[in-house]
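Based on the sequences and whatever the hints tell you, model everything.
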Amino acid sequence: ETGVTQTPRHLVMGMTNKKSLKCEQHLGHNAMYWYKQSAKKPLELMFVYNFKEQTENNSVPSRFSPECPNSSHLFLHLHTLQPEDSALYLCASSQVLASGSDEQFFGPGTRLTVL
Amino acid sequence: GQNIDQPTEMTATEGAIVQINCTYQTSGFNGLFWYQQHAGEAPTFLSYNVLDGLEEKGRFSSFLSRSKGYSYLLLKELQMKDSASYLCAVRDGDYKLSFGAGTTVTVRA
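Chains H and P, in that order, are what the protein sequence lines are. Using my numbering, read the first sequence as starting at 1 and increasing by one per residue. Using my numbering, read the second sequence as starting at 1 and increasing by one per residue.
Since the hints were derived computationally from the structure, they do not count as laboratory data. Hints may contain errors.
What the hints assert, rightly or not - Partial list, computed: chain P residues near chain H (C-beta under 10 Å):
hint: 1; residue: ALA12
hint: 2; residue: THR26
hint: 3; residue: TYR35
hint: 4; residue: GLU41
hint: 5; residue: THR44
hint: 6; residue: TYR48
hint: 7; residue: ASP94
hint: 8; residue: LYS96
hint: 9; residue: LEU97
hint: 10; residue: GLY100
To be verified - From chain P, some residues computed to sit far from chain H (all C-beta separations above 10 Å):
hint: 11; residue: SER27
hint: 12; residue: LEU51
hint: 13; residue: SER67
hint: 14; residue: GLU77
hint: 15; residue: SER98
hint: 16; residue: ARG108
Nothing here was measured: the structure is a model prediction, and the numbers come from that model. Each residue gets a CB set at the ideal place from its N, CA and C atoms; glycine is no exception.
See the structure below:
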C-alpha cells in the first residue's frame, strides 16, 4: 500500500448504529487530519493530530470521536449520527516541519450515508 | 473567521487557457495551496505559493499577491482530463488549511 488509504469506501448506517472509519498513511508523516466534504461546500477541518496529540477540534459534535493510536493510523468513531452528517469524509496526512507543514496528502475518502 | 472565495464554475474549450481566481481574508497567512479533485476522488496537490509572484509547473502556474489577498491558478493547453474541481486553500499557521468551496472546470471538445 502506498499513500493514504481509507476504509470503508462507502458506508450506509442508521441513526442508532455505531461504526468506525479507518485511515492509514504509509508516508512517514507526523500529522493526520479528518475533513468533512459536503456538496458545494468547502472542505471542513474536523480534527488534527500532530505527533499523535490532538491539536485541533473544530467544534465538532461529540457524536464524532477521533482516535490516533500511532502516527500512521487514525480512526473516526461514529455514533447516533444525523442525516445531515451524510458526506464524504476525507483523511489527510502531512509532515510538519519547523517552518510549517508540507502539502497534505489525501485519502480517497469514505462516502457516508446516514438514514 | 476565514473567508476564501473562488468562482463556482468555469467552462473552457480544449486547448484553451483558463484562469481561476481566489481571494482570501484570513487571520494569518503561511502559504496558499491549490488542489485538483476529480469527481469521486481525493484532492491532489498542484501548487504552493508563500512569496509573491508566479510559480510555474508544466501546464499549470499559480500566482500570489499577499498584499491583495489574491491568487490565481492558470491552466494552459487545456485537456479533457483537466475537467475537475480546483480547490484554493490558505494555511494560517503551522499546518491548518482553510479551503474555498472549489471551482468546477468543464473542458469541452
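task = Run the structure past the numbered hints and jot down the numbers of the failing ones, going up.
result = 1, 2, 15
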